[in-house]
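These are the residues of each chain, in order.
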Amino acid sequence: MGVLGSGRSTNEDNFLAVTLARSTLGTSHIDSVLGRYWAALLDGMSGGVAADHRGSLARLERADVVLVVEGDIGTSHPRVASAVIRAIRRGCLLITAGVTPSRLGELAAVQVQLPAAAPVDGLEAMRGAVGGMPAGEVAIDDAARVLASGGSVAVVVAPFDRDSEILRAAGGVVADLGRLLTTIHGTPPLLLPLPIRANTRGAYEAGVAPARLPGQRLLSDRSARARLEGVWGGAPCWDTGLAAEAMVDSVNGLVVVGDDVISLHPRPSRARETLATMELVVVLDSFLTPTAAAADVVLPVAAYGETVGTFTNFEGRTQEVQRPVAPTPEVRPAWEVLAELGEALGAGFRPKRLGEVRAALAEAVGPTHVDVAPSPDAAGVRWESPGAKPANGGPYLLREEGVHEWADDPLVDYAPVLRRAAACRRSASPRGLVLMSPEDAAALGVRDGGAVRLRSDGFEVESHLRVRSGQQRGLVSVPFMFRNTMAELLGRGGQVEVEVSNV
Amino acid sequence: MRTEDARVIARSDLRGWVARLLERGEVMAPVRSETGDEIFATITRPEDVLWEFENPLLPPKHVLLPQTDPIARIRKENGRHRVERLPDPAERVLLNVRSCDAVGLAYLRQVHEQDLADATVVRRADTLGVISLACHEPCELGFCVCCEAGPFLDQGPDIQLTDLEDVFFAEPFTLRGRYLLDVAGDLFEPADAEATALREARESEAYHQFGEVTCHIGSAMRRVSTNRVAEELWDAMAPWCMECGGCTYACPMCYCFSVGDMVEADDAWLRCRTWDSCQYEAFTHEASGHNPRHTRKERMKRRFFHKLSAQYYVRDDRAGCVGCGRCIRVCMGTTDLPSVVEGIRRAEWHGGR
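Heads up: the protein sequence lines correspond to chains A and B, in order.
First residue of the first sequence: 0, per numbering that gives the first Met the number 0; consecutive thereafter.
First residue of the second sequence: 0, per numbering that gives the first Met the number 0; consecutive thereafter.
Hints may be right or wrong, so weigh each one.
[Stated by the list, open to error] Partial chain B-side listing against chain A, Cβ under 7 angstroms, derived: (1) HIS284; (2) GLY288; (3) GLY332.
Hint data in this document are derived by calculation from the structure and do not stem from the laboratory.
A quick note: this is a predicted structure, and the numbers were derived from the prediction, not measured.
Just so it is clear, CB atoms sit at the ideal spot from N, CA and C, and this is done for glycine as well.
In isolation and in its complexed conformation, chain B is listed as follows:
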């Protein structure tokens, strides 16, 4: 817990804070759609924000990585091609993301800053304020405690909110976080000892409720990283995957993409990055006609190597999973991450969960 500059805001003043955030720019939050689903969307009214909700089925990664993401406009003029940079995004705030999704967003920024930094994604992250809402009850399928991604965090978002019923406890983790609290003016007060103690107790209760680790990623990581997963195990698991790509699309940490051009006019087109999945057959199909991951088994091995190996843990400072449980919910087969981790740990497969 970080108490430096921690503040509290009365529950009744939350809408006032959101109204002030709306005055300075776009605000996105969990809302209830017309069809009753919980989704992340841009709000126009403070009362649209959900403060008690299950985590939306799709993570908010589309804020940094839109499903169809224009990255440049190309025009042909006088026989030459001119590349136009698209406008930078305006300041935005993403409110009430769960801890797992906050970790996912921080991870996406980090991987796009590595090596040759992706300027588009980094610019979006630079103009995005992330305000997380700590979880005090576990969600049905989540296992964030196994992935160092919740229920409470000490870094990642700009602000971490904790619901203490009459008030909300706000911990700014960054300068931007402090600024977003200052925007509210006198709606926030410094957190006193009683509030701080209540916040600590809430975290303690949460860990008690969330229970023990159930998905032993470290154990699977050791086996994956030292080549101790038998080919026969992958042979047994692969037929249970339907290659729908749902796990990739629903995962807060997946960022596979493809690039294509959308024609706007005879002499202009928009180069776009689109979500893709390493589970699709032709994802690694090369121009030569060779496909190094031609079989479902090879693609599955690759996915879980990326998620679980020590190599990536060292590079990214964490495993490739936040334990949100979405892959369990969307998997059309039975090859969600916890099932595969269990299969790897036990070196046997009985059809998953």
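Bound conformation, chain A alone:
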């Protein structure tokens, strides 16, 4: 069995999901689909050691230099983008680094285009340039000069790739960069990894992670284990479990708490097929998501606004929410449903009140962490320029863009004016959509709104084309919402070399 928690649920709900997994069912397979991106960034930044990243937007707004490593935080994390805008208004210099052009890049003093095939290489080059080894590439050297120029620095990293290893590596490079900047400026920069969704950080800190205990404790942490044994009783499972995607492929049954595996999965069709082969799928949710529709049992639970609980935002601040709306009588908070489920399965921990859950969570999390002190050493890397891909003659790199689509979120789905733009894009591009640079499109003889054929390894797909100013030559991006149309070409990976021709 596997259990999925989510950023749509409260900390208390998620802790009961962890309890169900490790204590009651005796499984280590506990994760959330969106949590793995946050976990990967955090792991990379922390060097695998638990750390307490409590950066604040207030500090970000006062920074002299902000580096944003992003997909497009103007869309994915607007509150953070707003703080960056305010910082710029105060005179801060913005550096953006990304594979594709972003809205915030229009306000940047320096825009660094990361190489599509190996984005971490670009970050490593920037780190090397800050460390005194110029990359020989204007934008990167400019960015390094600005970063080293003095004053306070903030580095914001949004999940820009669905490959956890790339995010982990990027986090590591950013941590190294942080150490370098500490040496240069005398004070550590603000490092702000961004989770997707309101309570993804809270879920992770409640223990919704295959390789962590509540409080971000390592599985091997004896004192954490002892505290949990005191809370849960019995012999909990301390093994490392499967991450969400692998879990879906491997387990015989799933309990899903507020997560929508199918809509969030990189390959929705495959996820749907896999769920259909499982012996049992139980979903606790407020909405009839595609995952709930595919479940054997759906247990309705209170939605945000109908429940009392705590959430932890990306700054690390835990806040309580009081419900402004009472749910219908047959609907209960997820933690209550999970507690009853656990009791029926013989769980050792059987809370009856929210206060008991909170007390147990606080006991499990243990004393608050402090930041891991950065080590002073850092090594630079000489960056070999990959060069721009030729505008014709290919091959091109087909690459997924983004890791999340807000329009698929059930809360957005119920707000017609919010999902309208995505709905229009889908209906305007029934064959899917890819994005290409103006130079590449011109070389292929394809106009904006035309159609292209993509081929790789015996597979062939036709798609609508949009020309995007600022797009890297040689890069064909497929937006996350259209990823399913490229599933045959991409396989399980997030990028593949393709031949592109005019239709």
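On the provided structure of chain A, position chain B as indicated by the hints.
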């Protein structure tokens, strides 16, 4: 100032008046919510009304234009569709709106009466009594003096109240206003010369406190209306807007909407109007697939043309702003109206306020 039938009521009698208003129908007023926020809400007790407060973050426009507004129920019976008109609203009173919001409500009624009148909105306005409370101190971000929307008015609400400390001065601007004062019976007395003089002095002090005009809408209007705003300026300003729609939702004068159907049963659905924003990408997306305002810049141009152009000033007899300052407070970027007006006036943009 309009002194015809002006009256005064002792501060200690205000609750008695509100109690009598409650006897005749629904009363809405600024109240303090459970979480400590100031909001406009329906009251059940006179003591819930706030008489000293900052202006609530959201204007009371939801009284005329609910965020989700059912306009008709449609049933399918025997293969045919029947449209049911929804019940008319009962008599309601909205108490203690600030001058800026009172102007906003009057404007919303006016625009929905033009051309093909919107019967739903007009019926609501017909059954709504608006009692404003004049401001004697400026709010932190407001600039109503730049927009002919405060701190004192001579038309717009049904009654304008002025706080004279021991008493409140009440000026009825409409027949309904007189009626709402008559409801209080002998709690109101005719205003004497002393009270009238104090009321005049209060207005004079208020204008002195509110200071000079700081948002030069007329200057921006001239440029916008004569096509003298360079495209490059819009190019510079547009990236500072995050298209969150907050300005639209928080503006007392904005009324962009969309229409959709909420399914009630297999054979019945509720057609609803919902708040929308011209800043959203797909607001003008056409069935053909064409979007005349595809870019953020085009949407921003459109918004400020609607707010500032002479064409709309002539149509509506005023600019599209009451100077409440809410767009400044909610803007996630820096493209609130005063910042954009300043950018247009100076023909340059340095990131707004």
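Now the hints, each set against the structure:
no.: 1; hint: HIS284; in the structure: holds, 5 angstroms
no.: 2; hint: GLY288; in the structure: holds, 5 angstroms
no.: 3; hint: GLY332; in the structure: holds, 5 angstroms
In this structure, none of the earlier numbered hints is contradicted; all agree with it.
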